[in-house]
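Got chain F; can you put chain W on it based on the hints?
Protein sequences appear in the order of chains F and W. In terms of my numbering, the first sequence opens at residue 1 and continues consecutively. In terms of my numbering, the second sequence opens at residue 1001 and continues consecutively.
Worth flagging that the hints you see were computed from the coordinates, not collected in a lab. Keep in mind it's a predicted model, so treat the numbers as computed, not measured. Positions of the beta carbon are idealized from the N, C-alpha and C atoms, including for glycine. Mixed in with the good hints, there may be bad ones.
Where chain F lies over chain W, by a calculated footprint (3+ residues, C-beta under 8 Å) [what the hints assert, rightly or not]:
no., stretch
1, 1682–1688
2, 1771–1777
A few chain F residues that don't get close to chain W, going by computed Cβ distances all over 12 Å [as the list claims (entries may be wrong)]:
no., residue
3, T17
4, A118
5, T138
6, L174
7, Q202
8, H233
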Amino acid sequence: MEEPTGPALVVRGLRKTYGAGGSGDVAVRALRGVDLTVGRGEFVALMGPSGCGKSTLLHLLAGLDGADEGSVELAGTRTDDLGAAALARLRRRHVGLVFQFFHLIEHMSALENVALAALVAGERPAQAGERARDLLDTLGLLDRAGELPGALSGGQRQRVAIARALANRPTVLLADEPTGALDSDGQAEVLGLFGRLHSAGQTILMVTHAPEVADAAQRVVRMRDGRVVDHGHAIGDTAGAAS
Amino acid sequence: MSAAWAVARAELRTRWRSLLVLGLVLGLGGGAALGAVALAQRTATAYPRLVEAVHLDDARVVVPDDQPGLTAAVSGMPGVAQAWTTDGWVAQVEGPVLRYVSIGAGVDQPSGLVDPVVVAGRLPAPDDPGELLLGEPFAEASGLGVGDRVVLRLLTLEEISQFAVGFGEPDGARAEMVVVGIGRMPYWGGALSNTLAGPAFVRAYAADASIHPTYLRLDGTPGAEQAFSAAFTAAAAQEPPSIVGQYLPARVELPRADVDPAVATAERVLTTGLGVVAVVLAGGVLLVVGQGLLRHHESARAAQRVESALGLTTGSRIGARTLAALPAAAVAGLCGGAVALAAGRLEALGSQARFEPTPGFLAPWGVALGGAALLTVLFLLLGAAAAAVAGRPRRSRPAVPGGGARRWLPRRPAVRVGIALRGGRVRRGVAGTLAVLGAAAVIAGVVAGATFGAGLQRLVDTPARYGQHADISLIDAREDDVAALVADPRVAALDVMTSAEAVTAAGEGFKAVALDHRLGNMPVETPAGRPPQRAGEIAVGPRLAERLGVVVGDVVEVAAPGGATVPLTVTGVVVVLSEDTGEISALGEVALVTPDQLVAVTAGEPLVGAYLQARPGQAGPLFDELSRDLEVFLAETPAEIRNLADIVALPELLALGLALVGAAGLVHAVVTGVRRTAPSLAALAVLGATPRQVCATVVVMATWIVVPALLVGVPLGLAVARLLWWEVATSTGVGGDVALPVGLLVAIGPVVLLAAVLASLWPALRVARTPPATVLRES
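So that you can see chain F by itself, here it is in the shape it has in the complex (with noise of 0.2 Å):
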């Protein structure tokens, strides 16, 4: 099979705004027109202040929501034209999501939780089981696989949650604020993890609001008030701004 080209993200005039249902909510215009594009193998940190459209850019690029105008072009499909059932099979295909506060299944042990997006991925239990297995042991937690996520550190809550994302080998691994809820041994964990992750060529979009922590990233992108500021540019790249 052809390995695919092109960036991983592409991201045009997007917009998006909550609470103007007509029902005296005051309208919060939370994307102003958002341009950006993520190439394949690049480790991007998404910076800003609270409230200035992180968390919702990166809902929209994963198609947890709908934007009100523009485009998301996601591993070569434009997204914005997708019914939810669609976008549903392209996030299984490409996205793999990690949240500051986990969103693991409280009901289902480690492995299951891993397990289960192998599945909806379309493997077999076996191969899912397995493959959950190779993450979790991957990550060093294959001695905790039977636990359920309450009984599990922070950081091996948000591990759990890295194996998960992982287990349907997206094409995007996107981020928001996975270290947001860690203590510092828990956030250094989890940014090791990127790096190495980034290491062997996988894309990653991490939502940040924490210096520290972006500087983990390849590069830096910010925002400010629902827009991109600054495009930032690559390690080692003297040419400015990838796009």
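Then chain W, alone, in the frame of chain F:
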């Protein structure tokens, strides 16, 4: 002003509406449950209240007029504290149909002994010999009411003794009477005549009195009943035999002690049903209000954290919220008490209504006041508990070492996640084990109610099951009348039944009957074994079997005249209807033997009746013709079956109510479950599950609650119904085999699964249509 008081004021000022609504819900729902309790109490106490209201006698005997010594001796027998000896008459009622009636009356009635409750009209005037009070069942059966006139022809004792052979026109006085009232008693018949006249009647017709009923108040000492019974039986044995001895065997009735088991059974069924309604209502209301209060206090978790940081203790925080809930708690109590009080308008249910001594509104003060206080306290306690739970720091979930790693992993993610989220193994899963147990209890209740109801309906609809095969019965059948009926082409089948009192070697009396199939073959209802076929065999009714403690294959020793005992082998359990004196004997209390055996184990002249089955369409004309000259009765439903017929719809209504509550509970469990697990469902969508897969997950969650509930509930319901029906059937005197509602049993699985799917559709669609980002943001 203390900090707690300030918190309470703030809570009350800003959040009083939701507290008030929850108070009202608890008041109305709890009031409905209290109303069911009040109704159950009124139903359960109808009989004992009537017993007290009528000053029911402890014992009563009836002595024929030709045994004056025995009548005179009764008041001096051991254990007797008070005695009222009255007079009794048997009379032929003038009219197109040959009918006999008994009349009772007495003078110098002591206060507090046998005072029927008058439910219509009034008591006969003491100085008017022409006024009658009818017993309620007799009034219903005869169609007579207040203001109706009847002419009575009194019978002499000699004429009564000639019932079996005929006596022509009655020789006693002719009495023109008017019905002035309808009376209610716990029990009519036996020594208590079903029509009562006043003292003036005694003075006018004393010469024609043929019997002397005596009503007794015993002295209450232990063994008084036994002492009196033994003395009366011994004294009766010393008397010269009466010419009407076959109709009036020396017997002591104990009206207070001998409560008809069928009455007690109907009372138990009704009160159990109402109790279940009350429990289900109370459980549902507590669940709803408890969850409402929990949500109410959880929405202010942050406030509690702030109060805690400011130094307020847990007790102060809970106390403040309890204080703020006081007005709503008072509303709950007042509202619940008022609803319970309003339930005082509801009469006792079913067959127990005919024992209600005070028809109309009866305020259930105890239930209303106690219930109001209970609801008030309950609201405060629930609120305090909810505030405590909401204010508690969240703890991490306990580990399940190794769990899950080896667990079955279905291929379909929707099935896997749906089963996991059903939450049987974790504390905060979708309804979890409690939901499954609740659903199982509802399904068991529905199956039990429907199965019990099917048994009841089958019994009421199938006269053969209570031994009713004949269309017409003829009392005191003479051989020439029987021969004429056998030759009558309108008669399809005819049995002659002879009956007499028998006594076991242990002293237990019972009625023994023998059947002679003269024409055709009317079957004998035989729930177990077979009818007797030869001498030395006996088949017993279900109640008699219970009383004697025998089963098929046992031997009953029966006392024979002359002092010997005869061993009779029990060959079966039979249900035979016997109405040899115009009243149906207690169902299931009759024993069947062969004609020769009957002669061997009973003394005196047996009573003879004929039971005939008419050809189709001939019963009415035949009855009209026969009733002009003979004492005949159309097939009548025994009192035990009438009692059950009154409540025939109750089990199925209860099952329907339970099904509705169960459906509501299922919807509630699924909706709250989906709300609780929304983040997990959103996480599933994040992984790439399509909206259809998320919908399927919710459907699996719902069906995974009802599948184990069905597996447990259906057999449990059948077992409960079997037990209940056996109990009711045995105490009623009929066969105890349960009627399976096959349609329900076939349909309940698919219907419950369909209900689960339907209950989950709306929450499933809602959760599938909500963008995962919205849920993740909120969580």
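Taking the hints in turn, this is what the structure says about them:
With 7 residues having a Cβ less than 8 Å from any Cβ of chain F, the stretch 1682–1688 of chain W passes the three-residue criterion, so the hint holds. Using a Cβ-Cβ cut-off of 8 Å, 6 residues of the stretch 1771–1777 of chain W lie near chain F, which meets the minimum of three, so the contact claim holds. In this structure T17/F is separated from chain W by more than 12 Å, as the shortest Cβ-Cβ distance comes to about 14 Å. A beta-carbon of chain W is positioned within 12 Å of the beta-carbon of A118/F; the least distance is around 9 Å.
In this structure T138/F is separated from chain W by more than 12 Å, as the shortest Cβ-Cβ distance comes to about 17 Å. The beta carbon of L174/F is not kept farther than 12 Å from every beta carbon of chain W, the shortest such distance being approximately 10 Å. Residue placement check: Q202/F keeps its beta carbon more than 12 Å from all beta carbons of chain W (closest about 18 Å). For H233/F, the non-interface assignment is confirmed: its Cβ lies about 30 Å from the closest Cβ of chain W, beyond the 12 Å cut-off.
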